[in-house]
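Chemist: Chain order of the listed sequences is P and Y.
First residue of the first sequence: 0, per numbering that gives the first Met the number 0; consecutive thereafter.
First residue of the second sequence: 0, per numbering that gives the first Met the number 0; consecutive thereafter.
Calculated from the structure, these hints are not laboratory results.
Given the structure is predicted, the values throughout are model-derived calculations rather than measurements.
Please note that the accuracy of each hint is not assured.
Not everything, but these chain Y residues come out facing chain P in the computed CB check (under 10 Å) [unchecked claim]:
#1 26
#2 64
#3 106
Each residue gets a CB set at the ideal place from its N, CA and C atoms; glycine is no exception.
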Amino acid sequence: MFRELRKKSFQKFINTETIIHELNYLFWECTTRCNMSCLHCGSDCSKNSPFTDMPLTDFLAALDTIKARPDNFIVVITGGEPLLRNDLELCGKEIRKQGARWGVVSNGYLYDREKHISLLNSGLGALTLSLDGLEDNHNWLRNSVDSFSKVDSAITLAVSSPRINFDIVTCVNKRNMAELPAIYSYLIKKKVRAWRLFTITPKGRAENNRELILEDIQFKELLDFICQKRKEKSIDIKFSCEGYVGKYEFNVRDSLFFCRAGINIGSILVDGSISACPNIDRSFSQGNIYKDNFFEIWEEKYQLFRERSWTRTGKCKECPDYTFCHGNGLHNWEKNNENVLVCHNEKLKHVMYY
Amino acid sequence: MKPNWRKKILGGLSLTTALFIFQACYGTPQDMGLDILIEGQVKSGKTEQPIKGIKVSVEDKVQYQYTDESGKFSFYTESASSYKIKFEDIDSNVNGIFVEKDTVLKNIIKTIYLNIELEEK
Numbered sequence: 000m001f002r003e004l005r006k007k008s009f010q011k012f013i014n015t016e017t018i019i020h021e022l023n024y025l026f027w028e029c030t031t032r033c034n035m036s037c038l039h040c041g042s043d044c045s046k047n048s049p050f051t052d053m054p055l056t057d058f059l060a061a062l063d064t065i066k067a068r069p070d071n072f073i074v075v076i077t078g079g080e081p082l083l084r085n086d087l088e089l090c091g092k093e094i095r096k097q098g099a100r101w102g103v104v105s106n107g108y109l110y111d112r113e114k115h116i117s118l119l120n121s122g123l124g125a126l127t128l129s130l131d132g133l134e135d136n137h138n139w140l141r142n143s144v145d146s147f148s149k150v151d152s153a154i155t156l157a158v159s160s161p162r163i164n165f166d167i168v169t170c171v172n173k174r175n176m177a178e179l180p181a182i183y184s185y186l187i188k189k190k191v192r193a194w195r196l197f198t199i200t201p202k203g204r205a206e207n208n209r210e211l212i213l214e215d216i217q218f219k220e221l222l223d224f225i226c227q228k229r230k231e232k233s234i235d236i237k238f239s240c241e242g243y244v245g246k247y248e249f250n251v252r253d254s255l256f257f258c259r260a261g262i263n264i265g266s267i268l269v270d271g272s273i274s275a276c277p278n279i280d281r282s283f284s285q286g287n288i289y290k291d292n293f294f295e296i297w298e299e300k301y302q303l304f305r306e307r308s309w310t311r312t313g314k315c316k317e318c319p320d321y322t323f324c325h326g327n328g329l330h331n332w333e334k335n336n337e338n339v340l341v342c343h344n345e346k347l348k349h350v351m352y353y
Numbered sequence: 000m001k002p003n004w005r006k007k008i009l010g011g012l013s014l015t016t017a018l019f020i021f022q023a024c025y026g027t028p029q030d031m032g033l034d035i036l037i038e039g040q041v042k043s044g045k046t047e048q049p050i051k052g053i054k055v056s057v058e059d060k061v062q063y064q065y066t067d068e069s070g071k072f073s074f075y076t077e078s079a080s081s082y083k084i085k086f087e088d089i090d091s092n093v094n095g096i097f098v099e100k101d102t103v104l105k106n107i108i109k110t111i112y113l114n115i116e117l118e119e120k
């Protein structure tokens, strides 16, 4: 009964957040260039991206349209690989001058001591690094022979500076599934405080690589692993907010599932497109900073993110959990899709008695 | 009921920590940390000319920066009750040779601008 109250209160909370529609989190896809060629890359970015990096001044002009920013507003610089930009420090400093905080999502390959210091000097406050296994498995997924040693050094630097709110993300796949306990021990030894685990969505380069996609029973084992380690409290481990996980909802994260894309999360993509999370289908763009006022678009559009009844189709149509799931994470939808790409709850139902 | 109050009450009832702090799937954690901006200019006490290449660092921190052509520096560092800022001439006799200097700062809120003069050896 207590859990039911929590769930119902949370649904009301989601409704209220949707009405308020406050922009707290702005992604900036500053480049689509990348120095890796990961097997699971969803955005299919590469060294030879057709897009040039967005000039800093163009992003700042869009940022400047946001007149009332809440205290917890943050710009999250992503890519591609943001560290490929030579002016990243200047970007960070100018963002701070506009009164916003900023963070970076990186593969860590270029994150050496000099870069760590220069980013701290520029007001970096949050950092996410990708670690997809111990040496062999990380290098395999990242398609690079020395990416593990590079990210290992980057992790050492990041944990040495308490100023940075830092976490590790891991894309769990068939190869690294068995070594999760070993990764857990490694991260504790490195004094990492927060670890988020993802599964890989079957799109981009991952679409035709079954080795990357967990079987249903493995997905359940992943959640069981997270539940068990959360009880130990040695590290802030959680399942990402990529999808609704039914009966596991109370035990794998700090809060219940809520896809905030387009509700609290916006993005400015490399070509100027205005959207929500960068991994969401590009056809969902709401405008473009090169012809629209960013904040006017945020205030006046985004209806398909705020009103999600259009997702009540396909396997979501008759689903009894729809009230809590709302069509799962929006990155699981493509505009002309008749069905959700991945239903995490369905994967669990295949292997559990409900 | 106003939406912001409703949000706080409902968020509290659902025992969620996502009330104000959340993280996008593929994004970083929120930055709730505190830091300050330390800026300034380093000049020669004798000639009053700006000095390039002076290493400016915060004691017990990994961070440092070198002054530019105008003798200027600017960096963020983690908030603390006090800071010992060190100014060192480490480029031998390029731009002259200057005596190292320490400055202790206390009770800084958000930002400070320092005008530093170094004595020539």
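Chemist: Of all the hints numbered above, which does this structure not satisfy? Sort the numbers upward.
Modeler: Per hint list: single violation, 3.
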